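Enquirer: If you read the sequences in order, they're chains A and B.
Here the first sequence stands for residues -1 to 244, where the numbers follow the working numbering.
Here the second sequence stands for residues 97 to 246, where the numbers follow the working numbering.
Mixed in with the good hints there might be a few duds.
[Said to hold, decoys possible] Straight-line distance between alpha carbons at most 25 Å, and here's what the computed SDA-like set of lysine to any residue pairs gives:
#, chain 1, residue 1, chain 2, residue 2
1, A, K19, B, R119
2, A, K19, B, R207
3, A, K38, B, D203
4, A, K19, B, R111
5, A, K38, A, E121
6, B, K235, B, G168
7, A, K136, B, A110
8, A, K19, B, D132
9, A, K38, B, R207
10, B, K242, B, D132
11, B, K102, A, A33
Bear in mind the hints are in silico, worked out from the structure with no lab data behind them.
Note that the structure is predicted; figures quoted are calculated from it, not measured.
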Amino acid sequence: MAKATDGRYLAGGHALLPLLKHRLDHPSDLIDLGAIAELKGMAVAGGMLTIGAMTTHAEVTNSDVVRASIPALADLAAGIGDPQVRNRATLGGSVAGSGPTADYPAALLGLGATIHTDRRQIEADDFFIGTSKPVLGKGEIVIAVAFPVPEKAAYVKFPGLASRYPLAGVFVGKFLNGVRVAVTGAGPCVFRHPDMERALATDFAPGAIEGLRIPVAGLRSDLHASAEYRAHLVGVVARRAVAACG
Amino acid sequence: MIVNGKPVSAAIDARTLLVQFLRETLRLTGTHVGCDTSQCGACVVQVDGRSVKSCTMLAVQAEGAQVTTIEGLAQGGRLHPMQEAFRDHHGVQCGFCTSGIVMSALDLVRRFPDPSEHQIREWLEGNLCRCTGYHNIVKSIAAGAKAMRG
Ligand SMILES: Cc1cc2nc3c(=O)[nH]c(=O)nc-3n(C[C@H](O)[C@H](O)[C@H](O)COP(=O)(O)OP(=O)(O)OC[C@H]3O[C@@H](n4cnc5c(N)ncnc54)[C@H](O)[C@@H]3O)c2cc1C
Ligand code: FES
Ligand code: FES
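Model the full structure from these sequences, guided by the hints.
Expert: Set out below in structure tokens:
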């Protein structure tokens, strides 16, 4: 990578290769991460579930380790795209190349995960900040993501018809010391919802966030859904996610 | 790489997609290209036993891998039970989507030997068919899975 004038890492290729096919990106070199064993694998230790960057969505879905520690994460991975996408696309690619409508970022933010790179550790709160300037430095590799294991968690999305990317998706993570709520698909970047977090910390029930309004300003509006519709959906899927926590 | 059981090697441009390698270099044209957005599934093949979209993978990423295409299923002039089921249950109309759907269905049956109708329909998320309305495809896959269980 150091020698490439404008290189890109190639993980599952399910974001990058379509871009290249449409001539929307012109890297000088591609570096396939597929052969690096250190980027694979899943393990739980000290209350944290750590997943290697090159782990595919299908591997997360089918993992007993993930099912036993954070089933909401296995369910989230199972709902991404289609079976063939899940057989190739990776956690690292979904984090490093994440668009505003990706599913995984909701889990990272909703669980307060830590992103481990070859240079440092970055908190999800500092990673998904919605600027166009990339947080990762030139040539920086995501090695793994460490997710704190919550008491309860659930992810519910309202998928778009063609691709299954969420029009709005909410990840709720309940911990001993509080609740985190992360919203994806609806804004320019995944974001937390402090009002819902406070309401749910006192009363962890769908009714506790019933009346909360989501400000429409700043939400995405496109051919799939207006900002007003998305604001409404955020409330709906958030209540469903709390209910799904049981 | 090994394609349908036979070792193959060729000097190709690094940018060559797996589907281009299969269709243009090896002339295995049963694998189709139906879109440029990785959404239609006409190009699905198996790489090391997993169904993947060969339009969204570089040929060099399959170096050393076992690749199976629709041409590799029939044995000794006899159709694979899943292919036979598509014929018996009219799972094919124009046939453009069929090879991708058969290759995808075999991955489903590997994981769930006795899939429910719901599992079959969910699994077909990544396979578009413009002709059949899916009804006979779902029937074909259920029958193919049954025949494979023996
Ligand atoms: C048809 C289709 C449907 C999809 N549906 C959904 C969906 O419903 N929800 C959803 O969230 N996503 C969806 N996706 C996207 C998919 O889940 C992945 O997010 C996407 O493919 C990126 O992961 P990848 O492994 O393919 O990365 P690549 O395409 O290989 O890489 C993406 C970018 O990240 C960089 N990168 C990759 N890995 C690393 C690393 N370890 N360190 C540093 N940089 C890295 C690459 O250089 C590149 O710039 C869909 C994709 C397709 C094609
Ligand atoms: S050609 Fe459409 S998904 Fe590959
Ligand atoms: S049979 Fe024509 S697209 Fe499926």
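Enquirer: Run every hint past the structure and note whether it holds.
Expert: These are the hints, each one checked on the structure:
1. A/K19 / B/R119: Between A/K19 and B/R119 the Cα gap is close to 17 Å, so the pair holds against 25 Å.
2. A/K19 / B/R207: violated, 32 Å
3. A/K38 / B/D203: holds, 22 Å
4. A/K19 / B/R111: holds, 10 Å
5. A/K38 / A/E121: Answer holds: A/K38 to A/E121 is near 20 Å, not above 25 Å.
6. B/K235 / B/G168: holds, 23 Å
7. A/K136 / B/A110: With a Cα-Cα distance of about 23 Å, the restraint between A/K136 and B/A110 holds, given a limit of 25 Å.
8. A/K19 / B/D132: holds, 8 Å
9. A/K38 / B/R207: Answer holds: A/K38 to B/R207 is near 22 Å, not above 25 Å.
10. B/K242 / B/D132: Status violated; Cα separation ~34 Å.
11. B/K102 / A/A33: Holds, at about 23 Å.
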